[in-house]
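There are 2 protein chains.
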Amino acid sequence: MDNSEKEILMELLRGCIAEKKVKMLREVFDEYNVVDMSELVAELSVEEALFVFKTLKKEVSSEIFSYLSHEKQESLIELLTGPEIQSILNNLYSDDIVDFIEEMPANLVEHILKSASQSQREEINRLLSYEANSAGSIMSIDFVQLKEKDTVSEAIEKVRKQGKVAETISYCYITDSKKKLKGYLPFRSLLYAQNDDIIEDIMDTDLIFVRTSDDQEIAAQQIQKYDITAIPVVNDEDCLVGIITVDDILDVINEEATEDIQLMNAITPIEDTYMETGVIKMYKSRIIWLLILMISATFTGQIMAHYEEVLSQYVILSVFIPMLMDAAGNAGNQASTMIIRALAMGELKPKHILSVWWKEIRIAFLCGLTMGAVNLVRILIFMHQVDMKTSLIVSLTVFVTVCLAKMVGSTLPIVAVKLKQDPAVMAGPLITTIVDALALITYFMLVTKLLIPFL
Amino acid sequence: MDNSEKEILMELLRGCIAEKKVKMLREVFDEYNVVDMSELVAELSVEEALFVFKTLKKEVSSEIFSYLSHEKQESLIELLTGPEIQSILNNLYSDDIVDFIEEMPANLVEHILKSASQSQREEINRLLSYEANSAGSIMSIDFVQLKEKDTVSEAIEKVRKQGKVAETISYCYITDSKKKLKGYLPFRSLLYAQNDDIIEDIMDTDLIFVRTSDDQEIAAQQIQKYDITAIPVVNDEDCLVGIITVDDILDVINEEATEDIQLMNAITPIEDTYMETGVIKMYKSRIIWLLILMISATFTGQIMAHYEEVLSQYVILSVFIPMLMDAAGNAGNQASTMIIRALAMGELKPKHILSVWWKEIRIAFLCGLTMGAVNLVRILIFMHQVDMKTSLIVSLTVFVTVCLAKMVGSTLPIVAVKLKQDPAVMAGPLITTIVDALALITYFMLVTKLLIPFL
Chain A
6 MDNSEKEILM
16 ELLRGCIAEK
26 KVKMLREVFD
36 EYNVVDMSEL
46 VAELSVEEAL
56 FVFKTLKKEV
66 SSEIFSYLSH
76 EKQESLIELL
86 TGPEIQSILN
96 NLYSDDIVDF
106 IEEMPANLVE
116 HILKSASQSQ
126 REEINRLLSY
136 EANSAGSIMS
146 IDFVQLKEKD
156 TVSEAIEKVR
166 KQGKVAETIS
176 YCYITDSKKK
186 LKGYLPFRSL
196 LYAQNDDIIE
206 DIMDTDLIFV
216 RTSDDQEIAA
226 QQIQKYDITA
236 IPVVNDEDCL
246 VGIITVDDIL
256 DVINEEATED
266 IQLMNAITPI
276 EDTYMETGVI
286 KMYKSRIIWL
296 LILMISATFT
306 GQIMAHYEEV
316 LSQYVILSVF
326 IPMLMDAAGN
336 AGNQASTMII
346 RALAMGELKP
356 KHILSVWWKE
366 IRIAFLCGLT
376 MGAVNLVRIL
386 IFMHQVDMKT
396 SLIVSLTVFV
406 TVCLAKMVGS
416 TLPIVAVKLK
426 QDPAVMAGPL
436 ITTIVDALAL
446 ITYFMLVTKL
456 LIPFL
Chain B
6 MDNSEKEILM
16 ELLRGCIAEK
26 KVKMLREVFD
36 EYNVVDMSEL
46 VAELSVEEAL
56 FVFKTLKKEV
66 SSEIFSYLSH
76 EKQESLIELL
86 TGPEIQSILN
96 NLYSDDIVDF
106 IEEMPANLVE
116 HILKSASQSQ
126 REEINRLLSY
136 EANSAGSIMS
146 IDFVQLKEKD
156 TVSEAIEKVR
166 KQGKVAETIS
176 YCYITDSKKK
186 LKGYLPFRSL
196 LYAQNDDIIE
206 DIMDTDLIFV
216 RTSDDQEIAA
226 QQIQKYDITA
236 IPVVNDEDCL
246 VGIITVDDIL
256 DVINEEATED
266 IQLMNAITPI
276 EDTYMETGVI
286 KMYKSRIIWL
296 LILMISATFT
306 GQIMAHYEEV
316 LSQYVILSVF
326 IPMLMDAAGN
336 AGNQASTMII
346 RALAMGELKP
356 KHILSVWWKE
366 IRIAFLCGLT
376 MGAVNLVRIL
386 IFMHQVDMKT
396 SLIVSLTVFV
406 TVCLAKMVGS
416 TLPIVAVKLK
426 QDPAVMAGPL
436 ITTIVDALAL
446 ITYFMLVTKL
456 LIPFL
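Going down the list, the sequences are from chains A and B.
For what it's worth, this note's numbering labels the leading residue of the first sequence as 6, then goes sequentially.
For what it's worth, this note's numbering labels the leading residue of the second sequence as 6, then goes sequentially.
None of these hints come from the bench; they were simulated from the model.
Keep in mind that the hints are not guaranteed to be accurate.
Unchecked claim - Which bits of chain B does chain A cover? Going by a derived footprint, with three or more residues having C-beta under 8 Å, they are:
no. : stretch
1   : 146-160
2   : 320-328
3   : 342-349
4   : 375-382
5   : 413-424
Unchecked claim - Among chain B residues calculated to face chain A with C-beta under 8 Å, some are:
no. : residue
6   : I90
7   : R165
8   : Q167
9   : G168
10  : V170
11  : D232
12  : D252
13  : I258
14  : A271
15  : Y288
16  : S317
17  : L353
18  : P355
19  : V430
20  : M431
21  : D441
Glycine residues also receive a C-beta, built at the ideal position from the N, C-alpha and C atoms.
Bound-form chain A, shown alone:
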């Protein structure tokens, strides 16, 4: 739907609401995609949205509700009556219920739980008790469950019944009388089986599953590795308690990538979107690393102070400091970026450290050599005030620091994993500070040992 289509529809929507054209309103919502319509509802006033909610079929308004922002959900919940809330709860998947309740203020959670039925309340409380970012916290309890002794025709009948509320029917899960997970069956297989085949005989038993306490990342990795669209979740007693579907995994993958990107750039991760996050929260997520990195720069300051005399005699030397620091920082970041990402994607394991070193040494040598040479040419062309000896020393420093930076950049993330730390947080922001110090030390050592004695 493009913007002009949206505007026309919005006008129609507002007209229907103003003139209370109930039938037409329902028809519009039937005709268009619910995701697109929820974008329009998000732009309505709370009163208008409330009218829409009370007018539409419960299934439709519940689905729309699940696509609204947390703020909008909050203001609607405040105005809805108990029975209305209950009917929304009835029509939402369990993971969507948990999703929106988690973001509500305490008084509204109470209002919601009061409106829920006894069994709903127990279920919600149980789901809310799983740790954040665990498989349990993102799973849905709406899935298709079969028994080993079911015949195919009984199974199809069960799918038909349970499928009305299940998040997916692509996989059916087979459990025993104690709810222990015994096998699974792609629904597709039911299509090709004989009506009197027994599920036990045709089900797959090479089970792929996660536990409620596993990190959501593990669920994401399994789903990607095995090319499946849903994964069962079992509790400590191996009983099937839920499933995680691939649409939730898409969110997990995006979240994890965002988190890594933020950590690598010295930001304490924020889960909300940029626009939703307030200034104070944003400030807090940034200031911590800025301060840590500024204070650790005391170290580079002390290196500079240590060589104050050299600098005061040969001021021209300070001209190259920004370039050397940037070159080292960039070279180190490149190496750490490649390693951090490869670790995150599971392509690389800490045991590969030797082959990483061997690869990075060769890359570093080539990069250092090229940069040293280009730097020499650059100085000779653009900076006539610099003599040949100094130019050579600066280029040598470029070569050495690029090599050092690449080694540090590729080693730190792997060390972080060995220390059971997140490589992105350990390695990302700290690399620049470390290689800056290395660049300065190298520079001043080469200058005092190789240059000054011969000037």
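Fit chain B to the given chain A structure using the hints.
Only chain B this time, still in chain A's reference frame:
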């Protein structure tokens, strides 16, 4: 499957191969998950793998083949006969065929195409002709297709037939006699319909689709936005030519995140994994930006050279340069990181630039103020050789550069989008160089205007 399980299975596998225990080999492969088994096959020698291939049922060996690395695929293809290759092609999904052919050297592509049937050859050539990273290049042509006038029972029969080769049966697509896409139907709806219902009456017509020429990212965005597990792909005549399933979208999302992370850290994107990429390719992907950034550092060198006299008189001033540059770089990177990611996730549009500025100004003010204050304390505690006036000027510089860096960092990515450039490439690596120069200029201006006249 854990490592010890894997080792035992590997031994069993090698035993079966050495003693040519065909039946047992087949049973092992039937018992375990094909993804796990393909990991084991990847570790076999080519001769062993070849024996496995010739022994297993064609469906199984084809599936195993699709999970092997490109190198392994290449060495196997070289040894397989024409009919064997054809049977692999028959049993692979079209997107997997294209995937592996794209990576083969020209002589092997010829070998493969010669082994393919006439219709296969035409199909492969057509799929190979789509531009890299377009929706056409990742789509599969194996989907379930119905006609508007089909009854539900006819439709179920068609699903049963076409479903054997289709990538997914979760959605059926309805086309007219000219293959134009008219609607879609979740398979689940067929379960609840009456046998003599007409498809036309029950299908959904709010079509979500992409075109073959659209970027794969658009397919990823649509699938995420509308929470669907497959999206149809149409050509310029609106005819249905393929579908993209969510498992391929998982790869796209990971690829795009990796690409952004690499671009933001001054690396020309590499699609292969870290271990698969050779030293020369890695060198090429890194050296370009290193050189660009080093040469652009000539600019910061010139600023330093311009104030050479000031630096030679007050050497202590140079001690703060590394810290100022790092603080500016970090502050700028934080802002650009948040904006680049929000743009990539579609949470932020260039039209939001004013609210971004208003938010960043306030964050910058808070961060700058905190850092300026902490810096003052830091100097007073750790650096007794620095006088109060200089400390104040340095802290003022921290405040101003942090503010400038945040504004530049948040503006550049948005400008990049307006110029139809990738924000990650325009903004990421360049930000540090730009804010470094800004930090130096600010520092020397404040020093010459506010400090030196009063010393």
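Numbered hints the structure breaks, given as an ascending list = 1, 5, 6, 8, 10, 18, 19 and 20
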